[in-house]
Structure formats: structure tokens, C-alpha cells
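Trainee: The residues making up each chain are set out below.
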Amino acid sequence: MKIDTISKLALTLSLALPGTLVAQDAAQDDLMRMRDGQTLRKIEVVSETLDTVTYKNGNKEETAASRDVSEIVYGGVGETLERAQYAADNGEFQRAANLYQEVADRSSRDAVKSWAGFWAARNLFFSAAGDVNLAQTAAGALASWIGSNGEHRLLPLAHETHGLALITAGKADEAQQAFAALGKIAQDKDLGALWVARSKFGEGQALVAGSKFADARTAFVAASATLSAQGADNREAANLATAAKTGQGECYLAEGRTKEAQDYFRQMQSGAGDNPMLVAAARCGEAQAMLEEAKSKNDFKTIRRAQALLAEVSATDTSDGDASPKAIFLLAQSILTLGEEREGKDFRQRAMSMLQEVVDNYGASRWAAQARSTLKG
Amino acid sequence: MKTPFHRFPIAFAAGALCFATTLAPLARAQDAKIQREVKLLRGLAKDWGFVELAQEHLDALRKSPDTTEGDQKQLAQVNAEVLYLGARRIRDLDKRQTVLADALQQFKDYLDQYGNSEGATAVMSAYAEACEYYGDFLSDRIELEKDPDKKKALEEEALQVFVAGIKASNDAMQSLEGRVGESNDIKIQYYLAWLRKGTLLRTWAKTRREDREVKADEAIQTLEDLALNSGEETPIGIKALLEMGVALAVKGSTRDGVDMFAGTIDLVKQQLGSDNPPPLGTQGLLFQFLEESTNHMTDIYLTEGRPDDVLTAVADYRGSLTKFNLPPQPRFQDAIFLNEARARIDKGGAENSTKALEIAKEVANRHPSDFIGLRAREMITGVLDNPGVNVGPEALMQAAKGELQASKFGSAVRAYKRLLRSLESAEDKSKYGLRAYVDIGLSFARQQRYLEAIYALMTGLSTYGPLSDDDKSKASAVNYLNSALSGLRRQIDDNDFVDGLKGQVDGIARRYADDKTIANRAIDDARRLIDDGEYDKAIQQLTAVEKSTDQYELSQTMIAFANMMSGDFAKARAKVKQYLDYTADPLNRLDNSETVKKQYREFAIADANFYLGKMLADEAFGRNTGKVERKPDPSKLKDVVDAFKNYSKEYGKVRSSYAMIATIELIAALIDLEKVGEAEAEYARIRKDFPQERSIGGLAVKLFMARKTNIAAIQQEIEAVQGDPTKTLELRDATQRMRAEVRKALSFATNYLEVEPKPNYQLLRDASELAVLVEDYDQALYFLQKVVEIYGNDKNYTDNVDKFVRPDIASILMRKGDYQTALKQIDEALKVRPKSFELKLLRVRALGGWCEFDESGGLRITPGVGRYKEAYELMFTDYRNYVRGKYKEWDLEYYQFRFDCMDLCIKAAQEDTDFIETAKKFYRQAEANPDNFETLKKIGPKGLRLFQLFQARKP
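First to last, the protein sequences are chains A and B.
Take the position in the first sequence, starting the count at 1, then add 6; the result is the number in the numbering used here.
Take the position in the second sequence, starting the count at 1, then add 473; the result is the number in the numbering used here.
Read the hints as simulated data drawn from the structure, not as lab findings.
Think of the CB as a built atom: it goes at the ideal place given N, C-alpha and C, for glycine as much as any other residue.
Please note that the accuracy of each hint is not assured.
Per label pair, the in silico range of CB-to-CB distance [what the hints assert, rightly or not]:
| hint | chain 1 | residue 1 | chain 2 | residue 2 | range |
| --- | --- | --- | --- | --- | --- |
| 1 | B | L753 | A | R241 | 51 to 61 angstroms |
| 2 | A | N281 | B | S880 | 30 to 40 angstroms |
| 3 | B | R1000 | A | M358 | 25 to 35 angstroms |
| 4 | B | K1175 | A | L381 | 50 to 60 angstroms |
| 5 | A | S217 | B | A823 | 39 to 49 angstroms |
| 6 | B | T571 | A | L381 | 25 to 35 angstroms |
Chain A extracted, bound-state conformation (with noise of 0.2 angstroms):
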């Protein structure tokens, strides 16, 4: 590089108004990050739908298949929005919820406004952790969201968590018409058969909570039939799969009928064949069921027979299913219920560990909130 170099950096310099540089790069600082793991930096991304994502790739605008996007990151948006991430990762779900409020009501960008408005409801679901008024609260702000952002790529998810919602403010009824609408809008956008399971099993969730156990089981039932043609390579499908199978045993729980849900899941496991992740689901399963039934008759013995297989579970499961963080959490339960007695000195410190692996490791989980609300108490 010689002076020449220099000479015409400094004429570019000298011409440029003062504090404005030319603007070689546009404010693209959006991130897509696919399905298969290749992530696209650097864009500027103008709409999700339930089709497509449609993005500005320096001057160039691009398509993605909703379908193949794992997660969009919007940039540009300043601090506000590192806060609320920052706050969701620590768990401080209602505080997150505020702050991606703000970014929503703050942000020119429409893309960004519903996005994060999204984000903001779905926080809000969070932080509920089982309050009644709260889950509430959540559901509304869902529903709002909902009905403004009819074609949006997150509809889906926002229709799944509004149920969950309902669900948890103890609206089974109105629960059962949110999965049935995203059902339907499953059907109509030919969203794939996974959303489709996703409706179904939700339905089956509000059943439960409805405590119209024969209904959700038939919804279970539905869910795993629809699954069935998907490729076993389809790891969100066998997860989705496992949990509707195991859905229909943890009626039995809810009903009280301990025996029926060991009889079940022993049934699962006989009928897993070699697919380990139904195994795995089956037998930590069929270890909550004799965990349920031992606390209840202060029986020891079961009690430490649950433990082991909880542990083989926590051991050997290796298909990134629900059942690890199940089996841990549920062997923290055993231990904190055998107590110092049986289970030495130290046995609330290990416990407390355990259940807090879950939430560091399986935050997703519906593991990791009941997790947190057990340390948190």
C-alpha cells in the first residue's frame, strides 16, 4: 500500500459531510439462524409469515421457508433488547416480558414490533410459574397478539402458548378452543403434520386439565397416529410422539389410578420396541406412577425402587427427549421425600443440585419450571 492509498482516503475523508461518513453499509444487523445450523448475519429482515421469511441480503431481497428457520435475531434494536434476553437466559421471565414490551413499542420496524410483542407475551406465560391471575393476564396479552398478527410465522407458537396459558389459569374449556384453533390453522396453512400433533396434544393437555381424562387420552391417541409417518430421523416429531404416548399414562396419574399408569407404561415399554427415547419415556413413567403411589402409603421400599430405575433413566437416556430432565427432577423429589433419615447429611444439598442441572440444562423442559419453583421454595 502506498501513499496513493492514503492520498485517496483522505480526499474521500475531506469529502464527506462532517459526521457523515458515506454509508457504505446499510443498518442490516438482523440474524437468521436455520434448522440445519447455518445462520445468515448481516440482514435486514422485512416480514415473517407463516410461508416465508422475506429478507434483505445486502441489496438483494431473499426468501426462507418459515418452515427451515430455527430463530431470528433482530439487531439494531440497542440496549433494551440485550436486557431482555438477558433477563429471559436468567429466568427473570417477568422482567423480560417488560423489557421486550419496550422494544415493541419503541421500534420503527414492524417486523420488529410484532416479533417482539410476541416475546413479550410469551415472558409473560413464563414468569406466570403456575399463578392463576398472572397465567391470565399472559393468555390476554396472547390473544391480543393473536388477533393482530394473524399470518405471522410465530402464530403457531403464540396459539400453543396461549392454550398453555388458559391452561394454567385454569380455563381448560377455553384451552381446548385455543389448540383446536391451531389445529385448524394447522390444517388450512398446511403447516405440516407436526403442527398438527402440537394442536392435538395441547387438546389433550386441557382435557387433563379439565380432568376429562378418556377425551384426552383419545387426543393423545390422535397426536401420536398423526406423527406416525414421519421420518424417525424427525427428532422434534419423536419428541412430540414420546410426549402424547406418555401423555396418555400421566392421565392415569392425574386421575389417582397409580396402578393403571404402571400397568401403561410397562405396556409402552413392551410395545418400544428398540426406539429408546419411548423406552426411556416409558420407564421413567412407569417410575413416577410407583413414586406416586409409594409417597402416598409412605412405602420406602417402592420409594427406593423408583429411585433406581429413575436413575437408570437419568443415566442411560440418551435421546434428548423429556425424559432425562423428568427422571432427574423426579429423583430430587425421592430424595427430599426419604429425607436425612435414609438418605444421609447431605441429601437436601444434593437435591437442590440436581434440580437445579434441570433448569441449567433442560430450561425448556416443562421440568425447569416446576424445577424452579421447588428452589425457589
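Please build the complex by placing chain B on the supplied structure of chain A, with the hints as guidance.
Mentor: Here is chain B on its own, set in the frame of chain A:
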């Protein structure tokens, strides 16, 4: 990606831009001695990282009276340097930050005080450099910080640093500007200060969003001026342009930034590849510029989402590495490689992800405690947390191992599970399956989650054991399994449950355990079974141990042990004999190479001999073992002594705990054989070997009691002959023997006091009594004072100490003639126990003394404090009530009472002659009532003695 710190190097060949030399030319006028010290201090801190040592030396110099004011100034300057240079070597980032902040403050303080003096310019430059370093440090920290509040705080601190650094640079430049023509060194310092100002401005722009545009512009201008001024093809000029590129990129003009970097890279390649390349030192510097440029360029490509360009640039860099063969700077090179890893992850795909993970792992290993390492580890975690990213098994294994080594057990387990999930081919399963489960088991075991550990290891063995050729891993897995089982047994109180698990574990372990593991396990199990009293089961386990194993001989002696503990001494002895015969058989001789077996044999022989002696001891002392009850058989005491007298010497090194027990048994046997002296010698030795062992303290008491028993026997002899004029020789002999025994006992007690952690209360009191017996009042007092010292505040003993020990101390003080102190002690004791007649009697003695025969038979009259009337009043009006209530009129104690009253009256008569009549009255009462002292004489030796006292003291 941001480089860790973007400073201009401390030293490179061309132009001799050595930091240290910035000080030397300006400090020529300083004293040579202080210069040497300063050089030493710099060396200690900078070259060796001995910051604290340098600090200590510095403090010593500052405090030294030989240090002049001028020297103090030099030392103040080097203090800041020492801190700064040393801080850079501190691995812990938090600590490094604290020390850096401290160093900056020291620089500031120096400049505030000496800012205008000679030598200050060098300090300004050093201060600016330190600010640059610290600014970069904080910038890196801010980039990694997730907490927005902490980020803000760091930004505020960084702002202060930038402002201070820029000011220091400006001050240095101002000071040097007029002298640039003086020498090359000064010119270089001047340019360095200028450059530093530029880099501080651009780091400021990068770190603080709100100031970005303004500060970036300032940086660009500053650096451009420097490049033009210094010459853009000089090293400083190139560096200035490089930094300008960074400033442009920070401002958002990334294309111009990339152009700058590309231009720098081309220029460097040109210069390095020319027919007439620069000197080697300059080459190294230029190559560093190439690395910095590549790093910045790939940073930009990455943030702009151009992973292919990143990979092209890195490939080009690797080409330059090979072509020019110059040593890379790890901090830049690894930053470049980490950018490559990031680009590969962004591109996606199994091959890219695998490669990225490998790169990140290698970088993390090379940077255990800096920001590059932190970034690398964050990248690894990101990959592992993203199930959508496909990664090969070896990379996953390495990443998982890294998590385990970092004690992130939860993440490690998840990572290993992901590895297991990814295994498809038979080859991969064989290679990774068992290893993964072993590490999962370890991860759980380290968290004391033994149940999960057991299941992980069992599953690993049963699923992948048959597929794997790795016998070593299998044996390790079995070992860990056994340990986990033992851990679980200790942790939970549920033997049935654990035994159930043990059955499953045994089944699997048997298939994969090597003989050694089986043997170890058998011995562990046998120990536990023996503790639980299940001797037959234990013997069954031990009998199964293979002869070929190292532990075989130990298993044989353990069979003898099991028999012994069950009470079947005959079988135990037979087994021991069988074993010892086995070892004596030349056919069973061990080669020198069989070191482990030899070691086990040593243990086993020591054990065998111990068991023989122990059985004799149990028989001699009549101890029950197992279900067998025994009566003591003293005829075996001598055998016990023979069995154990040399045990400690022969086997103490191998079995120290058995040596201790053997010696305890030996001492007990010697005591019973009345060989107290030998027992005491053994005690002294064992106490030296086991100073804290509490069970040995009981032996000492036993030994002391044995001495006391001897002394008591001699005292009885003395009493029998005392007062008999025909037995004076016997009396003298017995008295001498008694004194000798007492001295031995006291000597033992004194040694005992020195070695015993908590001396026995009764032993000390008894020792004190014995000391009084031989009139060694000092020693008697010593023992009692020890009692007060050790037990005075022990709530279990305070009562006894007040009731008995303090009065005893008073008594002894009186015997020493210190009646005043004794009286004080007694009066104190009476406050606590005002009704104690014992104390009242003591008070009488303290006030008025007493009268007795001494050893030669002469009369000893002690005066007390000489308050005879008071003593008599107390005796006659108060103490008499006690005597009258407790004793009959012609009991010895009543006679004694009369004698004491008589004695006090005789003494009181010195002041008041009326008391003589009273004294005579007491004499007459004793004599006449009833029968001229006959009743008194008939009481026994004590009565006779009292009669003689009456005669000797008759008024």
C-alpha cells in the same frame, strides 16, 4: 473478532523499540546503584512474573534509611511499572483487573506528584501504554459480559481509562516533540505515544456506542497524520494504517477497513518475499502485522455474514505461515483460527461443525485463562447446545471431555449422551461407546450421585463391553462400579437395597473384571462381611481369590482374621501356620520383579503375626470374641509380651495401626506382670509414635495406678513399723523405697504431662498427693496448677476444682510457708462454700499453723500467719461443732481436735498468758479422760503418734 489486546509490541529489532530503553536514556543522570535496583525490580516483575517478590523488595527499599529522596522518586515510578508488568502475567482475570487498576492509580499518583520533573516523560509513556493495555482488557471483557448492568459499569471504567491514556499520550508527545531531533530513541518514543493515542481513540469508539462516530473520526485523523508524518512504509507507518483500518471498520466503513487490511497484507508479503528482505527482527514484526490484519479482516467478514471469505482469508494466512516460516503470535493466530471455526459453524454441515469443534477445543486448551480461551469455550458450549448441528464423534468426545475436566458435570453428561446418540457404525460404537459411559459414570460419581453412576457403568459394560477390545477400559469401568457401590453404601442407610444392586453389579463385573479387580472386590466385601459378623460368607469370598493374583496372600491371612473374629482361635492359628509355612517354602519365593506381590506378602506376614499375638492377648485378658466367652488366663501374659515386644520394630512401618495395638497389649501385659518400668518405657515410645492417639492416654493412667499401688503397699509397711523404736532400720528402708517409687511415679507423671494432649484429671491429682508425700511441694503445686489450667473452665470439673483442688493448693502453699497466699485462696474458696468445715480447718491452719513431727522425729511447729487467737476462736467456737457432731469423744479425730486447740492456745499465750491455762485444760482433758491416754494409745500407730505429740508439746 477483536484481538485480545492491540498494543504495539514491547520490543522488536528495527529501531530498537524496547520499552525498557525508553527509560534508560532519560535516566542517565540517576545514581547507578538505584538503577541496578530498578533493573532488578523490572526483571522480577516483567520477566519472571514475581510481582509480590518485587513488591516486597520495593517496599524494603522505600523504607530503607539509605534511600534518598531522588531514589524514592525512582522507586515510586518503578512501583507502578512493577504492578503493571506483573499484572499482565496474572492468569486469573479478576485479579488481573484489580492489579491493573491499581497500577494505573500508581502511575497517576506519581504524575500528580512529579509530573513536571525529569523522567516524568517516560512515566507518561508507560502510563499511556498501561492505559492502552487495560483499555483493551476492558473492551474484551465488555464484549463477553452478558449482564447489561455489569457491561455499563465496565464501560464507565473503560471511559476513565481512555481519557487518562489519551491525556498521558498527549502529555508525552508534548514533552517529546521539541526533542525529536535529538536521537532516534526519542523520535521513536514520540511516535509510539502518537500511535498509542490513536489506538486508544479507536478502542474508545469500539467500546462506547454513544461516542463511536466522533471518536472513530478522531482516531482516523490521528492515525492518518501519524502515517504521513512517520512514513507509511516504516513499521510505525504500517502499524498506523493498520489501526486506521480498524477505526474505519468500527465506524462502519467496513469496506475501507477491509481494503486497508488487504493492503497491509499485500505490503507485508511483498516485503517478506522480496530479494532483499528486512532484518529478521523486522520480519517478525511485519508478520505480526499480517496476522493482525488477517484477524481484523476475518472479524469483519464474520459480522457481515461472509463465512466463505473468512475461510479464504484463513487459507491465505496458512499459506503465508508455510511460505515465510516465521513464528506466529499465538494471541493473533488463535483469534484467526477461532474466526475460522465460527465461519464453519455459520456455514453449517457435519464436516464444518466437526472441524469447528476441533479448532475450538485446541484453542481452548492453549488458552486456559484468557479471553480467547473464554470465547473458545463459549463456542464449544454453543455447538453442544445446538442439536441441529451435526458433529463427528471424535470432536464430540473431545468436547465432552473438556466439559468433564472443567467439572461441568451436567454439560458433560449431555455431551456424552449426544456422542452416544451419534454412534452409528460398529467401529464407532466399539471405539467410543464404553468410554462415553465410563465418563458419564464418573461425572455422576463426582457429584455423589452414585446410583446414576452405577447404572451408567453397568449399561456401558453390558451394551458396549462385548463390542469393545479395550480391556483396560472394561477393567476401569468395573473398578469404578465397585467404588460407586461402596459410595452408595456409605451414603444411604439401606443395605438391602444396596445388596440387591450388588447382585446385578456382580453379574456384570464378573464378565469384565480382571483377576485383580475381582480380588480387590472380594477383599473389600470380606472386610464388610466380617464387620457385620458374617464370617462364613467372608471366608467364602476370600477362598475364591485366585492364587495368581497379587492379593492372594492377603486373602489367606484375612481368612485367619475372619476365624479369629468369629472366636475360633484354633482354626485361625492353623490358617496362620499354614500361611507362614507357605511363605517359608522356597517354591513360593517371589522374584525381585514381583514387587506388588512382595508388598502384599509383607502386609500379610505382618498381619499373621499380629493375629497370633492378638489371640494370646484376648486369652490372657479374658476377652470374648464372636460367640466365645473367655476367662482371663494370666499364664499367657508372658507369651503376649514375647509376641509383641518386637512387633513395632519389625512391622511398624508396614502396619502402623497394628503396631500401636500390639504395643498397647504389650504394655497391659507388662503391667499385669508388674514390670512397670518396662511398661513405662514402651509407653514413652508409643506416645512418641502416636502423639494424638487417645486410647493410649488410658494406658498412662493404668501405668500410674500400678506405681501408686506399689507405693501404697510400701506405705502400709511404714505404718506398721512407725513408732516402734525397735524397727527404725526397717522404717528407714521402707521410707527410702517409698521415696524412690514416688520419684519414679512423679517422673512418669511429668513426662506424661508433656506428651498427653489432655492429661487425666485424677492422675494429676494423685501425682500431686504423691509429691506432698515426699514434701516436694513445688511439684505438688505444679500438678495442681495444671489441673486448674486444663479443667478450671470445664463445666464437668469446675465443681471439683473449687471443692478439692483449690483447697489442696492452699494446703500445699502452707506447707511451703506461704501462709498469706494460702489464706487468700482459702478465703476465696470460703466465699463459694461458706459452710465447708474442711475449708474452715484449713483457715485455722493458715491463721495459726499447726504442730507435727518431722521426718527425724523432732517437733515441727508452724506459725501460720500468726493470728493465733483468731485461729483458736474459729477452731473452738465453729469447728468444734463439726467435730462434736461427727465424732465420739474418744475418737482419734476428737483427740486431734484437743491437741490442735492446745497448740493454738500455747501459741496465743505469747500474747496473752491466760491462754496457757486453757492449753493445760486441753491437755488434762485428753490425758484424764478416760484413762491417761490409754484409749488414745490403743487406737493404733496414729494414736501412738498423737500421744507422743501430746507429750512433746505438753504445756
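Trainee: May I ask you to test the hint 30 to 40 angstroms on the CB atoms belonging to A/N281 and B/S880?
Mentor: holds, 34 angstroms
Trainee: Is 51 to 61 angstroms respected by the C-beta to C-beta distance linking B/L753 and A/R241?
Mentor: holds, 56 angstroms
Trainee: Between B/K1175 and A/L381, is the Cβ distance one that fits in 50 to 60 angstroms?
Mentor: holds, 57 angstroms
Trainee: Cβ-Cβ distance between B/T571 and A/L381: within 25 to 35 angstroms?
Mentor: Since the Cβ atoms of B/T571 and A/L381 sit about 32 angstroms apart, the hinted range of 25 to 35 angstroms holds.
Trainee: Does the Cβ-Cβ separation between A/S217 and B/A823 fall within 39 to 49 angstroms?
Mentor: holds, 47 angstroms
Trainee: If you check the beta carbons of B/R1000 and A/M358, does the distance land in 25 to 35 angstroms?
Mentor: Cβ of B/R1000 to Cβ of A/M358: about 34 angstroms, so the range 25 to 35 angstroms holds.
In summary, this structure violates none of the numbered hints.
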